[in-house]
Amino acid sequence: MTAPAAPTPASDVGRGAPSGMVGRTTGDRIILGLTIALAIVMMAPLLWVVALSLKDNKELMVSMNAVFHAPYTVQNYINILATSSVFRWILNSLVVAGGLTVGTLVLSSLAGYGFARLNFPFRNVLFVIVLMGLAVPEQAVLIARHQLFSWLKLHNTYPGLILPGLSAPFGVFLMTQYFRAIPKELDEAALLDNASRFKIFWKVLLPLTLPAQATLGIFTFLGAWNDYLWPLISGTKKEMYTLTVGIASTQTNFAQSEGLGFLMSQAVFAGAPILILYLFFQKYIVTAVSGAAVR
Amino acid sequence: MADAALSSPANRAAPAKARVQNVQAPLWRNGLFVLPFLVVFVALLVVPLVWGIWLSLHKADAFSSGRFVGFANYVRLYNDKIFWQAIGNTFYFVLLTVPALAVIGLMLALALNSRTRTAAVLRTVFFASSVLSVTIVTLIWRIVFVPGFGLLATVYGWFGAAPPAFLSDPDLVMIAIAIATIWWCIGLPMMLFLSALQQIPGDIYEAAALDNANRWRTFRYITLPSIKRTFVLVVVIQIVLQFQLFGQAKLMTNGGPNNVSKPMVLYIYEAAFTKWDLGLGAAASEVLFVLILIAAMVQFLVSRRKGESA
Amino acid sequence: MTAQIEITEVTKRYGALTVLENLSLSIKANEFMVFLGPSGCGKSTLLRMIAGLESVDEGTIAINGRRIDTLPPGQRDLAMVFQSYALYPHMSVADNMAFGLKNIGVPADVIATRLSEAARMLEIGHLMERKPGQLSGGQRQRVAIGRAIVKEPKAFLFDEPLSNLDAALRVRTRVELAQLRHRVKSTMIFVTHDQIEAMTLADRVVVMNNRRIEQIGTPMDIYTRPATRFVATFVGSPTMNFLKAKMDSRDGFATLTLPDGATLQTAMRSDGLAPGAYELGIRAEAVRPARAGETVTTSGTVEVLERLGDRTLLYIRLSDGSMIVAEDAGLSRAAIGDRMELTLDGSRVHLFDGEGRAFHAVEAAHG
Amino acid sequence: MTAQIEITEVTKRYGALTVLENLSLSIKANEFMVFLGPSGCGKSTLLRMIAGLESVDEGTIAINGRRIDTLPPGQRDLAMVFQSYALYPHMSVADNMAFGLKNIGVPADVIATRLSEAARMLEIGHLMERKPGQLSGGQRQRVAIGRAIVKEPKAFLFDEPLSNLDAALRVRTRVELAQLRHRVKSTMIFVTHDQIEAMTLADRVVVMNNRRIEQIGTPMDIYTRPATRFVATFVGSPTMNFLKAKMDSRDGFATLTLPDGATLQTAMRSDGLAPGAYELGIRAEAVRPARAGETVTTSGTVEVLERLGDRTLLYIRLSDGSMIVAEDAGLSRAAIGDRMELTLDGSRVHLFDGEGRAFHAVEAAHG
Amino acid sequence: ATELTFQRFFGACDADFGSNTDVSKAVGECGIITSMVNKFNADNPDIHVAVTTVEWPGYDQLTAQFAAGDPPDIVTIHHSALSDYQTKGLLLPLDEVLAANGIKPADFTDASRNGVTKDGKIYGLPIDNWTMLFHINMDLFKQAGLVDASGKPILPKSVDELLAQAKQFKEKTGKPYLIQNLANETALYTRNLYTYLFQQNSDFFADPTKVKINTPEAKKVVEMYKAIFDQGDTTKDLDYAASINAFLAGEGGVHLNGTWMIGDYNASAEKPGTALNKGGYAVYPYPQLFSGKHAQYADGHSLAVSQKDRSEEQTAAIGKFLKFMADHDFDWSRTGHLPAMKAVLDSAEFKALPHRDTVAPIAELGTSLPGAVQRQFAIQDIIGQEMSAAITGQKEVDASLADMESRINELLANL
Ligand SMILES: Nc1ncnc2c1ncn2[C@@H]1O[C@H](COP(=O)(O)OP(=O)(O)OP(=O)(O)O)[C@@H](O)[C@H]1O
Ligand SMILES: Nc1ncnc2c1ncn2[C@@H]1O[C@H](COP(=O)(O)OP(=O)(O)OP(=O)(O)O)[C@@H](O)[C@H]1O
Ligand SMILES: [Mg+2]
Ligand SMILES: [Mg+2]
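Protein chains in written order, with my numbering: chain A, 1 to 295; chain B, 1 to 310; chain C, 1 to 367; chain D, 1 to 367; chain E, 1 to 415.
Extracted from the complex, chain A is given alone in its bound form:
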């Protein structure tokens, strides 16, 4: 983690590369060419899916090659929107992803500050335990967690969908690292300025962690938005479906081929918001990834 500076814009990413050096251009061009080719291969499946989603189902049933020529239609998307529940599912996804994001930010920031800056009994032991939590795969506690939530009658509630994600230690780990990178003099200056520990956290340090908050927030949001397994077994009522589960539920028994275009439009529909979100927050995500791991 680099010192908490303002987030570097994505265009700054290539800082390390020698720029003005004389010589070495053909090689660079060949590499760039290969990379672009690979990027096209990378994009092909996505474009294929988008193209399929814009085709009439009946036409695709006759021949898949129909995808290469007109007519194209947005009927599949209209059909998705007509599935009235879809908006409810989006709302659910927003509530769950949003709630989880806010909760994670609050808990992780507090704990990150605590672990990074304050001393309390058993701090190091607790931190190691939390770190070990990083190694617990979600699937390993799925069964027990499901039983626990059954007893607590939390299934099919928003807390039931949000709470498990809050226990993930990643955010705490990230925020601890980030707080550690902030110069300690700031705390000390504030201590001399007669500020309480909470005030130092709230007024002095927290504003400096905004890039990390953005990062963690985006990752948490993405993860929650795309989660499939837990919502599938916890939010089992139609009105509690998240978008992923909901869209999966509309897939017809044994007749997928009838609705290939429709199916693809669902894929696009569920993926697009997140891709747009990604493009929007790209620069944060990029710095986030970099910041999160290295060092």
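No lab work stands behind these hints: they were computed from the structure.
As the structure is a computational prediction, the values presented were derived from the model and not from experiment.
A hint or two may mislead.
Unchecked claim - Derived pair list, reagent style BS3-like, types lysine-lysine, alpha-carbon separation capped at 25 Å:
no., chain 1, residue 1, chain 2, residue 2
1, B, K81, E, K212
2, E, K88, E, K121
3, B, K59, A, K153
With chain A's structure known, arrange chains B, C, D and E with the ligands on it following the hints.
Frame of chain A; chains B, C, D and E with the ligands shown alone:
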């Protein structure tokens, strides 16, 4: 007596008060900051984990509390060929994906480590797939691999050839899942490598240029040693992640044909939700947990050694 | 409001490492005290113990007679300027300066008055709405000082506040600080490892080394009468020349025989000195090329020549192989390889015995 | 092997920003040339263009008559020492030094000889197996130089190699570098913004400012006969004093009237000078407190006093409000607030006219 | 109004049928069931049935819901899956409810009644029976010379005949005889195996807690499919969706698929220009290849009711809903499934539906596993996995069968 009882706290308090002030002293009060998270962490991760271990010692289904059977579930796992196969599959998958992710990620990072607009766009392209959910990724790749009319078949069709049966040939399914996984996950290693590359000071490249180092020697002797730690980090992170393979296998092949693409997590899921054998599933979970813990310990040790030498 | 600070037998340990041992020091009210010493000698640690940022393992610290080492930092009524300034990056300059006052509930109008006062004094009025990131190094430095000033503390603590500035700015800010010090009447403690800063700013300098205080004195004191060889080496640029010498007494004054056989009559009383082997210390400005007719003390070959404009430093290899630095005029006609005859000023010599004790030709300086 | 470097009408732009414009410069074989100028004036850019790390937009660079600006850096046969040293962090010192030689296939035994030669010369033999991270700043610096030396290049390029060292080490390394320069016969180009380094090391100094070369000359030339007001300001510490002055001619020499009415007879021939308003420039060492009986030029009040040990700088406010810095002995008895009478040395004055042209009392210096 | 929750698969099609209450206008499983619920809600303003659709088959979710103690009131369950939940006491016996609403077990077809009866009680309202069929491309059959004088396809009567006809088919048309979805699939293998074990009178589930399937009968079946596979008489790498496309595109003669495809294929055959339109489309039960009982594997869908505390009104409302569904069994049978009610099966309007004449015999032929066999979906996975391994040559036939048996028994032993 009473006097002593009354005065003794005061006596004790006096030196305590005079005790040197230390802003770094451990205080219970400071723990309040981590308490909220710890409560959630213990309640929703530690307790289920312990409960899972307890459960793994029971013959239990979803509807009854079950009966204690000791290590019987583990013995069953030990005797279950499919379980061993699942472990083998998981390792095979890790072997297929992790080196590829590390190497391709590094190549991409090297190619895109520049400040141009093109590089920025390409970085976006290569990272974009990482934000999609597994449901969508597998849907996309099923459509790519589907025999007859998939993207691959269409492309092969242009050359009058039939594509390999990626989803049904036992020798190829794991590779197919690996390809989809690499496509999906390549963004993260690339970004990690990019950030590592950017931490290499530009002037040592300039020094190398003045030292007459060609492209390969620059890579071999400057770049590679500089990102060694990131390389290890990427590998360990990916091992931990790819160990948890589930969605791709379940949705693309459902573990088939004949379990050759069934990873451990799918085994766990099926044990619990198809066979309703919670105890067995829990036992398998613990095995997975231990395997991942080992990987994570390696990571911890690596990063600690890093901390020492830094 | 000002502070008289009394540090009594203070010891500080980090685990097994003892950083400061049994250190006592008394700082007068309104005094500008500089802690000078090499990196790692414990200067910052001592300062931070006064501030309350480090605990005191043994001993006490008192301000105006009241023991403070048990108080939390915020209640000691001190202000500190950090080497990195430690400005709150997300707050404007004004907010940075007001933060500490707001925390103790100073009324808004008082805050406003103090802020504008400080801003005027430091000429940062036009910067009040900027964030620290938008300031130059020197401006940040002034804001950090401003943040300290508005608190009207009993004492100011500075931890190498100039070391992050570039050379030119450092000189300018040093002068500004010297001027400020006469406007703000308060006790000031200033940590540095730069002897020029110490010399130019201090009322008194505490030279520290290796867990201990080596000398406490005025700048001129430590320059002209260094208490130990360490102080002699550490203070002054270029570093004092050291030569082996044999001391004899003549007419109550010490006479030195240098390794190359040259002799030097000093102005040092030989009363308390046992004849024998000593180390002779002499600063470059007391070593000059001999002018025509002057007594020549010794001679050698110019090996390096540093033209500083107003003077020239000659690095001269003596016949016995030792090196001595001499000072010549800015327009010196010396060239590398020249044979050079030197005069050593016998009234400005120092002798160090085997135990590191020092003896000086110059009597205690004024001031 | 050494290099004569010819830079002809070179221009460099970053987008819309022109960093260097039409710059020409000729560096002699074996010359130690220093590029001196304020931060951002394009020194590094020029050096890096010579090295091939930046492309040349217009103009040419030739070494020994052969045009090199189109060659990749590795083929120009130059060695560079970076400000940050740019040592390969994961290679041992020996590997760092050998890397460039291995790249061009120098036989192992030749490499070994050159390495041990350089190690001996730089006294880094005991460090050869360490990694750069295990070295101190000064040691790293020497390794970086060693890496350059073993390549036996046509010319050495240094980009502020001393600026990452602390003050004491910087002085020491500067001296070492001066010694080295006489052992390794090669052309050297040295970039710095520290005028002391330039003064002490250079054969010739190129003073750069704002895309242009202000002056090329020996250190003494630029110190005693600065070609422009900029050079006068930039070179010398403390900075030259500037005072408004009216010039009249008397007996063929210039006489100056200062703002407070004082007059100063100079040793400057008034032949080519039109009487009128000028700016008088005079260095602190030419301004002294007047001794008893000496002519008093002007007087003022001591405002700041910097004791540097061997001399004392007095910052004196004149009656017209301007400030002048005077130099006094190390043991100066002056105190803040003292009234002080000053003597200005008329033989060491400089005049600057409205166009920035300079006139000097001193004739061209030797060397 | 009384609120009932109804959880089902069959997909969602609100776009087309979200507000349709005219059941006769609806087509397809999803459209018909959606319309039926709409109509029920419209007819019964005092009751509101809220539908939750789940991804097929939704048992993971259902299990999770039962475990959470919050199951839906009414849920679609395969006959073959009923016993899993019934044995845990999770389902409400419906005898009283059905009786109260005038539905008698005797009204059900035998296959349906057997499918929902466990321990002598009825645990679900059967709505259909379904089975696998031979969907035939008559154009290719004609090219292969496999059509008799009356224009009916000639189907094999023994294993040898099957292999011979397949060979002939391939020679004449250049295309494989069978279209099977062998990729990513277990159900088809299992249903094929069950069918031909039934036809050999193999009572492999004599004990519902212990299978005996490593038998010569089973080996015969597996070897038959392996021979077809080895000779290239079947498509190989298609998954379910691709197999449908292949059949529609005329890539093979016989598509092994379920009753539910009849409607779609029939529609395609009526559309000019399609592969099925060329020579026609026919559909038949699996041919009888062995000398045993005439039988083929069948399953069915039912509506089960969860066991939980309910008010009288709620129970009454459930009864009303079940009654409504039973009454509209004909509408459901338009999907291609066989009706669960005898009366519908015998009705003229049912018989008038396309191809019902040729598939009607499955009402008699249809046989399911003994009702007491639990975890039939898990067993299906095991059989499918092992069979595919054997057929595609990954494993010896004997080894597969041995593993199949031991794995199933290990599963059943640990219920
Ligand atoms: N938190 C700590 N834990 C252990 N040792 C420490 C700690 N802080 C400082 N030290 C050690 O204490 C000694 C004194 O440190 P201090 O920071 O006071 O030195 P300093 O004189 O300020 O040096 P500098 O001029 O480099 O700032 C050093 O040897 C340092 O390594
Ligand atoms: N890559 C670049 N892109 C745009 N402008 C640049 C670039 N590199 C340098 N500059 C600009 O060119 C000018 C000269 O820079 P250069 O690094 O040569 O200065 P310098 O004289 O070496 O300064 P310093 O003493 O601070 O190193 C500066 O104004 C700088 O901002
Ligand atoms: Mg310090
Ligand atoms: Mg530079």
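Okay, the hints, checked on the actual structure:
Restraint check for B/K81 and E/K212: the C-alpha separation of about 20 Å stays at or below 25 Å, so the hint holds. Distance hint between E/K88 and E/K121 is fulfilled; the C-alpha atoms sit about 14 Å from each other, no more than 25 Å. Restraint check: the Cα-Cα separation between B/K59 and A/K153 comes to about 24 Å, which is no more than 25 Å; the hinted pair holds.
Hint compliance for this structure: no hint is broken.
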